[in-house]
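> The primary structure of each chain is shown beneath.
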Amino acid sequence: MALSTKTIKTRISSVKNTKKITKAMEMVAAAKMRKAVEAALSTRMYAELSLELLKTLSQTQEVESKLLASRPVRRVLLVLITSNRGLCGSFNANIFKYSKNLLQKTKVLGTSKDTETGKEILSEDFAVDVYGIGKRSALFAKRNNVQLVAVDEALGDKPPIEAVTALTNELIQLYTSKKYDKVILAFTHYKSSLLQVVKTRQLLPVSRIDIEKMLSELPDQETDAVAPLPLDTYILEPDEPTIIETILPRLLDTSLYEALLESAASEHSARMVAMKNATEAAGDMINALTLEYNKARQAGITKEIAEISGGAAALE
Amino acid sequence: MQFHIVTPYGVIYQDAIQQVTLPTTTGYITVCEHHAPLVSVLAPGEVTIYKDGYTVGLAVSGGMIEVRTSGEVFMMADTAERAEHIDIERAEEKHKRAEELLAQVHNIEDVEFARMQAALEKELARIRVGKKYKNLPLQ
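Which chain is which? The protein sequence lines are A and B, in order.
Heads up: take any position in the first sequence, counting from 1, add 2, and you land on this note's numbering.
Heads up: take any position in the second sequence, counting from 1, add 868, and you land on this note's numbering.
If you're looking for bench data, these hints aren't it; they were derived computationally from the structure.
Where is the CB? At the ideal position from N, CA and C, for every residue including glycine.
Among the hints, erroneous ones may be present.
Each computed BS3-like pair below joins lysine-lysine, with the alpha-carbon atoms no more than 30 angstroms apart [what the hints assert, rightly or not]:
no., chain 1, residue 1, chain 2, residue 2
1, A, K99, A, K57
2, A, K160, B, K919
3, B, K1000, A, K37
4, A, K34, B, K962
5, A, K201, A, K278
6, A, K8, A, K18
7, B, K919, B, K999
8, B, K962, A, K160
9, A, K193, A, K68
10, A, K21, A, K297
11, B, K1000, B, K964
12, A, K18, A, K297
Quick partial rundown of chain A residues pointing at chain B, CB under 7 angstroms, derived from the structure [claimed, not checked]:
no., residue
13, T12
14, S16
15, V17
16, T20
17, S44
18, L53
19, I163
20, E239
21, I245
22, I246
23, Y259
24, L291
25, Y295
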């Protein structure tokens, strides 16, 4: 008898406890994932309307804003959305891997468009800093030796929009004060509960292409497509610059908010799958241990009988 | 006319209505049927919707308003809340807290100050709308 029945029994019960925990975590993650997906969907109409409005406004005349102006890149801020907690499979590992690759791609990071001529300028020499969302982002900064400007860990699964606005304001301030010439967001796009893809999006300067890309990536939902409107007849109150200044930060808010929700949904689905695997593994382990336990028990019984019959044979 | 209130949290209100009074940064305006196309900036305050002889009150905290050539009205609000859903006591508490914060901190950054002021205005609007709905004295 290799293991005593008692040790096996303790092991079985400890694995059973682990299984209970992983099962519970799986279910919690599933529920949270559903909520995050729903919330991401409800931002869609708002984002679409603001984008349409921006489009309409830019039809009448060239829109000018500090947030649209692009300039040669010297410093890039990478906003990295990670999770606060572990046990979520390869969620963080994926985003780290992707971002690490991104750091090598000087062409993507260093390109800027001259606002006046529309020509692309490529700068070779620039620095990248990381603005982390979620505690795990610190790990990335440490491993890749990039400077971590700040870590925001208070934005949970369903952050209030005010918190996101505060974050956007901070980013806008960093951009307008020319501390950074480009702000890029890396997040996990939720495709399905089994498939999540890491994506990047340029937050600042605001480029219409990026926002349109964001809309096309949003999970499908029937939306009443509105035809582009003839615009010269619009009354603008108080004036166009004020409206642009109001709408651009809101577009950023929505973009960031949506990325946060998608990342949350991805995190939870990654955790759900990881926990499902763990639960299954625990089940297999329990079966194997039970078999071993039964064998050990049977071996014990056989041994006892052998001893008794041996003793009886010796008496005769 | 079709009236929609959309926030980042989803569609709050969507109905055919007769007229709506809403706060813009240049003052309160009322949009009736066949209004000229308009784009304006919303201020925190009270939105009153008139529909078939009754009114619906909402508190909003800034955003945009767009009246389309089709006659549809879209309100893109940061937050919007029906009057009957507002918890006056909690709103008042938040208002007091915002006032305290504004009073005690002198050297906070401009951004922070603006954010707090916006919060204060939002809570004030919520209290006003909530009280009006419950027929309480406004002061």
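> Hint validation: I245 (chain A) versus chain B, beta carbon distance must be below 7 angstroms. Holds or violated?
It holds, given that the least Cβ distance between I245 (chain A) and chain B is near 6 angstroms, below 7 angstroms.
> Report holds or violated for the interface hint on L291 (chain A), using the least CB-CB distance to chain B and a cut-off of 7 angstroms.
It is violated, given that the least Cβ distance between L291 (chain A) and chain B is near 49 angstroms, above 7 angstroms.
> Do the alpha carbons of K8 (chain A) and K18 (chain A) lie within 30 angstroms of each other, as the hint requires?
holds, 15 angstroms
> Would you check whether Y295 (chain A) satisfies its interface hint, that is, whether its CB is within less than 7 angstroms of any CB in chain B?
violated, 53 angstroms
> Is the interface hint for Y259 (chain A) satisfied, with its Cβ closer than 7 angstroms to some Cβ of chain B?
holds, 6 angstroms
> If you take the shortest Cβ to Cβ gap from I246 (chain A) to chain B, is it below 7 angstroms?
violated, 10 angstroms
> Going straight from one Cα to the other, do K193 (chain A) and K68 (chain A) come out at no more than 30 angstroms?
violated, 34 angstroms
> Do the alpha carbons of K1000 (chain B) and K964 (chain B) lie within 30 angstroms of each other, as the hint requires?
holds, 19 angstroms
> Do the numbers back the hint for E239 (chain A), that is, is its least Cβ distance to chain B under 7 angstroms?
Holds - the Cβ of E239 (chain A) comes within 7 angstroms of chain B, reaching about 4 angstroms at its closest.
> Between K99 (chain A) and K57 (chain A), is the straight-line Cα distance small enough, at 30 angstroms or below?
Distance of about 35 angstroms is beyond 30 angstroms: violated.
> Next item in the hint list is I163 (chain A). Is there a CB on chain B closer than 7 angstroms to its CB?
Nearest chain B Cβ about 5 angstroms off; hint holds.
> Can you verify the interface hint for T20 (chain A): is its Cβ closer than 7 angstroms to any Cβ in chain B?
violated, 38 angstroms
The structure is inconsistent with the numbered hints 1, 2, 3, 9, 13, 14, 15, 16, 18, 22, 24, 25, although it conforms to all the rest.
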